[in-house]
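Here's the letter readout for the chains.
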Amino acid sequence: MDFSKEVREKSSLAHIRQASPLVHCITNYVVSNVTANGLLAIGASPVMADELEEVQEMVSIAGGLLLNIGTLNARTTDSMLAAGKQANRLGIPVVLDPVGVGATSYRQRFVQRLLSEINFDLLRCNRGELAAIAGVAWQSRGVDSGEGSQDIKEIAKQVAKQYRCLVAVTGDWDYVTDGEREAMITGGDIRMTAVTGMGCLLSAICAAALSLPGDRFKHLQGVLQDYKLAAEIAGAQPKIGSFQVEIMNALEQLSAGERL
Amino acid sequence: MDFSKEVREKSSLAHIRQASPLVHCITNYVVSNVTANGLLAIGASPVMADELEEVQEMVSIAGGLLLNIGTLNARTTDSMLAAGKQANRLGIPVVLDPVGVGATSYRQRFVQRLLSEINFDLLRCNRGELAAIAGVAWQSRGVDSGEGSQDIKEIAKQVAKQYRCLVAVTGDWDYVTDGEREAMITGGDIRMTAVTGMGCLLSAICAAALSLPGDRFKHLQGVLQDYKLAAEIAGAQPKIGSFQVEIMNALEQLSAGERL
Amino acid sequence: MDFSKEVREKSSLAHIRQASPLVHCITNYVVSNVTANGLLAIGASPVMADELEEVQEMVSIAGGLLLNIGTLNARTTDSMLAAGKQANRLGIPVVLDPVGVGATSYRQRFVQRLLSEINFDLLRCNRGELAAIAGVAWQSRGVDSGEGSQDIKEIAKQVAKQYRCLVAVTGDWDYVTDGEREAMITGGDIRMTAVTGMGCLLSAICAAALSLPGDRFKHLQGVLQDYKLAAEIAGAQPKIGSFQVEIMNALEQLSAGERL
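Protein chains in written order, with the numbering used here: chain A, 3 to 262; chain B, 3 to 262; chain C, 3 to 262.
The following block holds chain A by itself, in its conformation from the complex (with noise of 0.2 Å):
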C-alpha cells in the first residue's frame, strides 16, 4: 500500500479516525473540554493527566504529547518537563503549545527551558508567539504579519532550525515548515479566534497527526487544510455559539469521509 497515495485520497482528519491514537494532553484548565471532546470528534482518544507521579507513565502508553502552558503554574512546570522527557526517550512525538509566551517572563523563561531540555517534534503557534519565542534567542525584531508576510516566514525558518522540529505558525493564514520545505495554508473562517480554545485544539489535533506512520510534514499540511475547512463549513453558521457546535460537527464529518 503506497500511504502517501492513501494521504492525498483520505483526509488526514480520516487517517486519524482510522488510526485512533491516544493523545496525552498537558494542557489548559479553559480548553480541557474541547480539547478533548475535538479529539473524540475525529476519532482520537484524550487522556489528559498532569501529575507528576504519573505522567512518565501515562505517555508511555500514548501516541503523541501535547504540552500547552495556558495556565501554566508551579505544580504543572515539572510535570511537563518530565512527561517532555519521557516521550523523546520513548520516540514520542511532543508538540508544544506556547500560550502567551510573550505576556510574562515567566512563560518566556518556561517556554526557553522547555526548548533547551526537550527535543519537540512541533512548535504550533500564532505570530505574536513565534516572536516572542525567536525574540528571546535573536533579540526583539519587528514583525510584518500581512498575509504572506516574508518576516514570519523566515521567523518560523530559523525556529525550525534551531529548534531541528516543524514549526506551524496559524492565523487567518497557516505557514508550516521544517526549515526546508514550507507550506501556506488559506481559508478559514475569522471567527475561529473568537472561540476558546481553537488554537490548543489544532496543537492536540497535530500532536494526533504526528503519531501517524507517513511523511510527518505532509501529514502537518493536511490537518492544517482540514482545519481551516472545518471552519469554513461551520462557518455557514452565522451566530458564534452555534458556530461553537458547527465546528465539532465539521470535525466529525470530515475525519468520516473523503476529502472534499
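The hints are simulated quantities; they were obtained by calculation from the structure and are not laboratory data.
Treat the hints loosely; a few may be bogus.
In silico BS3-like links for lysine-lysine, alpha-carbon gap of 25 Å or less [stated by the list, open to error]:
no., chain 1, residue 1, chain 2, residue 2
1, C, Lys159, C, Lys220
2, B, Lys230, A, Lys241
3, B, Lys12, A, Lys12
4, C, Lys12, A, Lys241
5, C, Lys159, A, Lys241
6, C, Lys230, A, Lys159
7, C, Lys220, B, Lys241
8, B, Lys220, B, Lys230
9, C, Lys159, B, Lys230
10, A, Lys230, B, Lys241
11, C, Lys159, B, Lys12
Following the hints, complete the assembly by docking chains B and C onto the known chain A.
Frame of chain A, contents of chains B and C only:
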C-alpha cells in the same frame, strides 16, 4: 404514599428534580463544566470544591459526594480522603468514579487507598476500570466484555461483596449489582463514548440518586435506564456537536416529565 | 463627542466590543471556558492566569481584573491577593465574585481578607452571598429576598459604603448601587440559574465594563440590562442545552448592534 409505586410512575430523574439534592463533586477539570450543567439540567445543585481546608465543611451540607480521579493530583488526593471520611461519619452517600485506574500505578495505588479508607456506597466505572480494581485484589484475569458477559457480572458481584457497595458497570450495556440483586440495562447510543465526561456525569447523577429516600438499587437502576433513554433521544441528532447539546436537552426533558 | 449620549444610543456590550479590553480572570475551573467564550462573544479578550509568579505581570497589561473564588485553593489565594494589590497600584479596576462565600468558613475568612487588603471597584454577587458578607460585619440578620426587597437594597448600600465600591446583587431582579445612586433591573429568564457560570460570566463582563471610560455606574447598569435582555432573547429556546448556545448567540448579537 407508596414510594415504590411512584418509582414506577415517575422517572428517576424526575425524583431527583423533585428533591433537588446538593451534590458535592471533587472531580476532574476536564468534565467539571458538563457535570455541573448536567446536574442543573435535572434539577440537582452541583458544588465543586476541592481544597482540603473546606471540603469537610462543604460535604456536610451536601446530599451526596462524588470522588472522580480523572485529573488526580497531590493536592486533591488529601481532599478526597478528608471529604470521603467526613461523608462516612455523617451518613452521606459517596460515589467513586475511578477514571482510568488501570492506566497508571499512581491511580491504582490511590484507588486502593480510597477503597480501604472510605466506605463507598457506589462504584461507577467502565469494564476496564472494574477489571483493574478487581485485578489488584485477585490478580489479573481475562475479561470477556461481550454482551451480558458472565465474567463482568461475576467480577462486579465480587467487588460489590468485597467493598460492601453497589457496583454499576456501564458501557454498551450496563450492569448494576449489590452483590446479590442485579439488573441489566440495554439501549443508549454508542456516541456517548465520543463525548467527554458522559461517564463522569452519570456518576454525579448517581450520587444525586443515592441521596433520595427509598430503595437505592431501584433508584440506580432507574437512573441508568433514564440515562440510556436520554442518549437515545439525543441520538436523533446525527452530528456529534449537536448531539452534545441534545443530551442536556434530553436530561432536562426526562427529569421534567413522566417516564415514557 | 458626548459619551453619555452614546451610552443611551449604543448597548453597553457594544461599547465593550468597540474598546475590546483585555480582562484578566482568576476564576474557577468549572466556568473558565464559558467565561472566556462569553468575553470573546462580546469582543473582549480574556486571559486566564493564576500562577503567583506571573499574575502581577499579567494584570499589568489588562484593562480589568476578576477574582472569583468558586474553586478557591491554597495555590490561588496568594495569586489573587498579589494580582489584586498590583491592580490597585496601577489603577486597574478589580471585581470580586464571592462564589458560595456563605458555604464554608474558609471562603468567609478569605473574602474578608480580600476585602480588607484590596480595594475592589465592584462586588458582584447573589443575595445569599451579599448576606454572608454583610453578616460577618454586622452579625447575621434576616434577609427578605422578595421582589425589590428593602432589606437587600439597604444591605447592598451599606456594603457599598463600607468597602467604597459598587455593589451589584443579581437574581430574578438585579440591584446596583454605589451607596448613594441605585438602580433596579428586571427581566431576564429564570433558566439562567440552571446554567453553570452565568453569574461568573456576568462578573467578568462587568470587569470589562469598568475598563471603559465614562460613568461606571451607567456602564454597569447598562451591562446588567443587556445581560437580562440576552437571557430573554435566548429564552425563546425552550430547552436548556440549546438555551446555553443561544446565550452566546444573544451576547454576540447585542454587542454587535444597537440597543433594541
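Hints, verified against the model:
1. With a C-alpha separation of about 17 Å, the suggested pair C:Lys159 and C:Lys220 falls inside the 25 Å cut-off, and the hint holds.
2. For the suggested pair B:Lys230 and A:Lys241, the alpha carbons sit about 31 Å apart, so the restraint of at most 25 Å is broken.
3. Distance hint between B:Lys12 and A:Lys12 is unfulfilled; the C-alpha atoms sit about 49 Å from each other, more than 25 Å.
4. For the suggested pair C:Lys12 and A:Lys241, the alpha carbons sit about 20 Å apart, so the restraint of at most 25 Å is met.
5. At most 25 Å may separate the alpha-carbon atoms for a hinted pair to count; C:Lys159 and A:Lys241 exceed this at roughly 39 Å.
6. Distance restraint check for C:Lys230 and A:Lys159: the Cα-Cα separation of roughly 50 Å exceeds the 25 Å cut-off, and the hinted pair is therefore not satisfied.
7. A distance of roughly 43 Å separates the Cα atoms of C:Lys220 and B:Lys241; the hinted pair therefore is violated under the 25 Å criterion.
8. In summary, the hint linking B:Lys220 to B:Lys230 is supported, as the alpha carbons are separated by about 15 Å, within the 25 Å threshold.
9. Only pairs whose Cα atoms come within 25 Å are accepted, and C:Lys159 paired with B:Lys230 is rejected, the gap being roughly 50 Å.
10. Our distance criterion of 25 Å between C-alpha atoms is met by A:Lys230 and B:Lys241, whose separation comes to about 19 Å.
11. Restraint check: the Cα-Cα separation between C:Lys159 and B:Lys12 comes to about 46 Å, which exceeds 25 Å; the hinted pair is violated.
The structure is inconsistent with the numbered hints 2, 3, 5, 6, 7, 9 and 11, although it conforms to all the rest.
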